Amino acid sequence: MDWNCTITEERLSDAIDGALLADEAAAFAAHRSACERCARLVAQVGGLIGRVRELPSIAEPPFLASRIIAVTRGTPEAQRAKGWSAWSPTMWLPRFAMGLVTVALTFLVVFHATTTGPHRLDLSPMSLYHAVDRKAHLTYAHGVKFVNDMRVVYEIQSRLSSVPQQPALEPTPTPEPQPSNPNSAPKTQKTPSESKGQNATEFASLIVPEGYSSQPATPRSLE
Amino acid sequence: MVLEPDSHLVRFCIRGDGPSWEELVRRHTRRVYNLCYRFTGNASSAEDLSQEVFMRVYRTLPSYEAAQGAFTTWLTSVTRNLLVDHYRRTRRDRLTDSIDAMPSFEEKPSPARTPDSLAQATELSTQVQQGLARLSPELREAVILRDLQGMEYAEIRAVLQVPEGTVKSRINRGRIELARILEEMGVRPA
Numbered sequence: 122m123d124w125n126c127t128i129t130e131e132r133l134s135d136a137i138d139g140a141l142l143a144d145e146a147a148a149f150a151a152h153r154s155a156c157e158r159c160a161r162l163v164a165q166v167g168g169l170i171g172r173v174r175e176l177p178s179i180a181e182p183p184f185l186a187s188r189i190i191a192v193t194r195g196t197p198e199a200q201r202a203k204g205w206s207a208w209s210p211t212m213w214l215p216r217f218a219m220g221l222v223t224v225a226l227t228f229l230v231v232f233h234a235t236t237t238g239p240h241r242l243d244l245s246p247m248s249l250y251h252a253v254d255r256k257a258h259l260t261y262a263h264g265v266k267f268v269n270d271m272r273v274v275y276e277i278q279s280r281l282s283s284v285p286q287q288p289a290l291e292p293t294p295t296p297e298p299q300p301s302n303p304n305s306a307p308k309t310q311k312t313p314s315e316s317k318g319q320n321a322t323e324f325a326s327l328i329v330p331e332g333y334s335s336q337p338a339t340p341r342s343l344e
Numbered sequence: 002m003v004l005e006p007d008s009h010l011v012r013f014c015i016r017g018d019g020p021s022w023e024e025l026v027r028r029h030t031r032r033v034y035n036l037c038y039r040f041t042g043n044a045s046s047a048e049d050l051s052q053e054v055f056m057r058v059y060r061t062l063p064s065y066e067a068a069q070g071a072f073t074t075w076l077t078s079v080t081r082n083l084l085v086d087h088y089r090r091t092r093r094d095r096l097t098d099s100i101d102a103m104p105s106f107e108e109k110p111s112p113a114r115t116p117d118s119l120a121q122a123t124e125l126s127t128q129v130q131q132g133l134a135r136l137s138p139e140l141r142e143a144v145i146l147r148d149l150q151g152m153e154y155a156e157i158r159a160v161l162q163v164p165e166g167t168v169k170s171r172i173n174r175g176r177i178e179l180a181r182i183l184e185e186m187g188v189r190p191a
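Chains as they are written, first to last, in this note's numbering: chain H, 122 to 344; chain X, 2 to 191.
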């Protein structure tokens with residue numbers, strides 16, 4: 122057999138494990154004795170792997186087996202035989218508990234709605250249509266009212282801004298006494314409070330529609 | 002005392018026999034723990050993964066069929082699948098934490114050994130663990146299954162779901178690479 126270094130390296134494990142056939146083992150031994158490099162490789166790998174194989178196994182922690190048994194809790198059949206009690210550790214997982222509470226609340230809401238909530242008649246298509254129609258009209262009416270209110274407010278604001286610019290509200294110049302008529306009573310100048318009263322009256326006339334008055338209406342004559 | 006075969010224990014477990022399940026767990030915990038520890042190089046991860054393995058076994062025990070192979074092979078397959086998942090899950094952590102590439106070791110060798118041999122075994126075990134950590138995952142798992150778990154080629158093929166030629170190639174390359182690393186670390190052959 123034509124045995125070389127490449128074959129020696131490829132079949133090294135077989136040689137270590139004693140898996141070479143008789144003629145292969147002979148060729149291997151012959152090459153090994155002739156090739157210093159291969160002899161060194163076989164000695165190195167064979168010797169070191171021999172030591173590795175003799176290594177004692179590592180002792181597991183003493184509690185490991187008991188912990189595994191505790192976790193697995195017997196056999197699958199025993200687990201099944203426990204029935205609902207087997208679920209108890211799972212029951213108290215936060216995720217499971219939250220799901221359970223949610224389902225319970227859902228049932229509670231549905232039950233409450235079917236007993237004290239709207240009756241089945243209220244859920245008929247016609248009832249729903251009328252309810253929606255009423256809601257739409259109410260919404261529209263509220264909108265219209267809001268727009269009208271805003272319009273009044275804007276009108277009041279615009280008129281108020283125009284009131285101070287009227288000459289009537291300017292301070293009235295005091296007329297010079299007439300020397301030609303000394304007996305006539307002198308006219309007194311209007312006080313600021315009187316000016317304010319006049320302004321308020323004008324303001325009231327702005328916002329109060331015609332025909333209405335805050336003063337008691339004088340009885341109209343039938344004439 | 003005659004040990005009940007694993008296949009019998011599994012059958013009893015499926016029927017609901019609690020003590021059989023406990024026996025099965027106690028019998029294989031060390032094997033699973035060692036596999037996890039050798040692959041991850043971390044005692045805490047190995048504990049968590051061992052527990053995860055048995056939880057999965059517990060759920061999927063009825064799917065085991067004795068005709069398809071030994072319970073040990075099936076258990077190793079489950080363990081290996083979880084280790085692969087764990088490796089993928091922690092890939093990003095390893096990349097971002099490359100400075101801490103060397104795992105911490107908490108060797109707990111078996112009792113009944115002299116202090117000298119115990120110390121030597123502990124030191125060699127640590128060095129082997131460091132060497133394994135430098136192997137690619139494919140080569141690492143092949144060497145662990147063959148040389149630390151003592152599995153046969155056919156069993157490894159069943160676990161890894163690859164052709165036997167691939168198994169042999171990986172074991173061979175893994176051994177040569179591990180030997181080179183150990184020699185660099187100053188470990189001498191027997």
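Don't read these hints as lab results, they were simulated from the structure. Hints are supplied without guarantee of correctness; some may be wrong.
[To be verified] Here are the simulated distance ranges between beta carbons:
id	chain 1	residue 1	chain 2	residue 2	range
1	X	Arg57	H	Asn125	41 to 49 Å
2	X	Gly151	H	Phe228	58 to 66 Å
3	H	Gly171	X	Asp86	47 to 55 Å
4	X	Pro63	H	Ala140	30 to 38 Å
Note that the coordinates shown come from a computational prediction; the quantities given were computed from them, not determined experimentally. We put the CB at the ideal spot given by N, CA and C, even for glycine.
So, going through the hints one by one against the coordinates:
no. : hint                            : in the structure
1   : X/Arg57 / H/Asn125: 41 to 49 Å  : holds (47 Å)
2   : X/Gly151 / H/Phe228: 58 to 66 Å : holds (60 Å)
3   : H/Gly171 / X/Asp86: 47 to 55 Å  : violated (33 Å)
4   : X/Pro63 / H/Ala140: 30 to 38 Å  : holds (37 Å)
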